[in-house]
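Enquirer: Go by the hints and put chain B onto chain A.
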Amino acid sequence: MSHRPTSRSRRVAMTTALAAGLALTACSAESDGSGATTKDGVTTLSLWTHNGGNEAELAINERVVEEFNASHDDIKVEIESFPQDAYNDAVTAAAAADKLPCVLDIDAPNVPNWAWAGYLEPLGLSDDLFDGQLESTLGVVDDEIYSFGHYDVALNLVTRRSTLEKYDIRVPDMDQPWTAQEFDEALAKIKAGGEFTYPFDLGTAGGGEWIPYAYSPILQSFGGDLIDRDSYTTAEGVLNGPEALEWANWNTDLVEKGYVARKSGADSTLDFVNGKTAIVWSGSWAAVPVKEKYGDDALFLPPVDFGNGPKIGGGSWQWGLSSDCPAVEAAREYLEFSAKTEYYVDYATELSLIPATEEAAAQVPDFAPGGTFRDFYDYATEYAVLRPVTPAYPFISSTFQKAYADILSGGDPQEVLDKAVSDIDANIQQNGDYEF
Amino acid sequence: MAVMTPTTLPLGRTLSLQAVRVLLLLVFAFPIVFMFVSSFKPDAQIFADLTSWRAFVPVGDISLDNYRGVFDRVPAGRMLMNSIGVSTITVVLGIFVNSLAAFALSRMRWRGQRVILTGIIATLIVPFETFALPLVWWINKLPWLEMQGFRLVLTEGWLDTYQVQVLPFVANAFSIFLFYQYFSSIPRELDEAARVDGASWFGIYRRIVMPLSGPAVATVAILTFLPAWNSYLWPLMVVQSEEYRPVMVGIQYFFQLNVAWGQVMAYASMITVPVLALFLAFQRAFIGSIASAGVKG
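Residue numbers (our numbering), protein chains in the order written: chain A, 9 to 444; chain B, 30 to 326.
Treat the hints as calculated values from the structure; they're not laboratory data. None of the values given here were measured: they were computed from a predicted structure. All C-beta atoms in this analysis are idealised placements derived from N, C-alpha and C, irrespective of residue type, glycine included. It cannot be assumed that every hint is accurate.
Distance condition first, Cα-Cα at most 30 Å in a straight line; then the derived BS3-like pairs of lysine-lysine [to be verified]: (1) 170(B) - 47(A); (2) 301(A) - 174(A); (3) 84(A) - 170(B).
Under 7 Å between C-beta atoms, here's a sample of chain B residues computed to sit facing chain A [said to hold, decoys possible]: (4) 165; (5) 281; (6) 282.
The shape of chain A in the complex, shown without the other chains (with noise of 0.2 Å):
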């Protein structure tokens, strides 16, 4: 059973298409603009942020913004959040369809991989507008400024004072940090005193760029590395060599004397505010709950030296300029503006985040000589190891997460640390040692 047009239904049909036809024709033809638009004499940018979710450093965002804005009648700056998990690949999926905003907050390692990936182009203002920064918060590869930051954490060792003077334990600092065999000591101590449930929390509940961030500076600290950094090219040697295995050895050692749990809770600052761990692996953000929790009697102690020296990672969220910007002259000024010192004080003020400068952090109590977070500046200034500078890094990174992952699982060490040598060398090889 067929059904023919009927000539009413034909002539409504094209009338309609007609109509339709007319209308398109009346109208242009137009696209979204990648990252900017501009219409009646006013450039408006696209910024993208990770701080979705994050109210207090999305304010201090916005707040840049707003300043801005009100001092230009020119160019106008829109702000747009995600989350921060989210973000890598909302950007990835940008880059892909060429809409990448104008202005855009990175995650410092990612840096070169996105430098490397034609993302990011260099931000091309002078290098005086940089000067004093903390090495960890500028974003330089291949010798150019492509990102800076206002500010860095720090790792550290949190405990409070009250429990190492029960077991008997010395308080290191920066002069005299703990070594391998005093840290080992005191761990045996709180674990014999049965009042904890671990003595030691390393966060390795937590994943992603945790992973690298928390254990590489560990293993550099053995003495070992997660690439060879005289050429970038290869792993072999500083990932598999015997200092690489020592640390891992010092990993399962851990689960297998209890000291740590071989995977811990899934918030190692609430673990430790309610008394289930002694000591924390952690950042310089739990500085603020801990401080509440327990005042002067919270400490935040220097990393263990196991033999080359305390290490912790350096380097967090920076700010970049996309290269698909069709209005790079008004993004760069958006983001000199963005550099005042006043804003660097800001994120260290209200967020407890380390200054990026020496500048701000003499204008901030508890990051000024003497300042109740002092130290974080000080670990930063001195300890810091930045992760691999290489458009590898990603890579490498979701390796080692693999790898630490396979050892704390009981994974022969030597076997695990070869085959994640192999893997990124190969990387790096199919990639033709990721040249610009």
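Expert: For chain B alone, kept in the frame of chain A given last:
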């Protein structure tokens, strides 16, 4: 003629079966109860209660603070409305399009029918993640008509829209297969009788086949609604503005360096309620269809 009597199980076996059922109920119910109860507690208490029965009981410092915190932190109302809209439209269009496709495959006779059916089923083995990124590139080139004031404007790219969250998921191989299976069980004699009475193919679809396919419709509705509601990766990639974001992306707003677990539980409770309500509404038809089609979600 023998009279059928209900079989009675020995008391011990009955009790054992009931015990297993209760145990299964507890296994599945406890996480949900824990989530709802924790949504009323402060973070410190959630962790302090973890190792006791108190974790499943609303005792201690109970308040709605976490729910207030949720609305302060994310545009939860907007995200809920987005997800309800996107999921509902995907379900409605999905039922219509996929049932029509299945009708053509199961009731009509045409050349290449088997090849097309095999091709559709074959797409089931391709995971979405493998072509998500190329799909982003592709949909960014597609045209769309937009009303801007009184002007009809031809725009390029679907990023940052509602349609990009709906249209790629309307046609669904599994739904087509499910309808196809169900339609094949409906006697063809009904079609023939209707055609003798002058019904068109669409008339047969609308007046005969679909009214007899309630369980299949309910199953497809639930199996389409759940992934649409839980959609995370795709909206993350294609939605840039907060105003278009669905609820699952919203949950990531809570995972900051110091996680507010009470708010996580409050938000999770809020986004679980619609799914539970939908399942309870269609429970009977859903289970009936699963039993008859031999599939699971």
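Enquirer: Decide, hint by hint, whether the structure agrees.
Expert: Now for the hints, and whether the structure bears them out:
Proposed proximity of residue 170(B) and residue 47(A) is supported: the alpha carbons are some 23 Å apart, at most 30 Å. For the hint linking residue 301(A) to residue 174(A), the alpha-carbon distance of about 19 Å falls within 30 Å, and the restraint holds. Between the alpha carbons of residue 84(A) and residue 170(B) the distance comes to roughly 27 Å, so the proposed pair stays at or under 30 Å and holds. Annotation: residue 165(B) was flagged as interfacial toward chain A, and the flag holds, the nearest CB pair being 5 Å apart, inside 7 Å.
The closest approach between the C-beta of residue 281(B) and any C-beta of chain A is roughly 3 Å, which is under the 7 Å cut-off, so the hint is satisfied. Annotation: residue 282(B) was flagged as interfacial toward chain A, and the flag holds, the nearest CB pair being 3 Å apart, inside 7 Å.
Hint compliance for this structure: no hint is broken.
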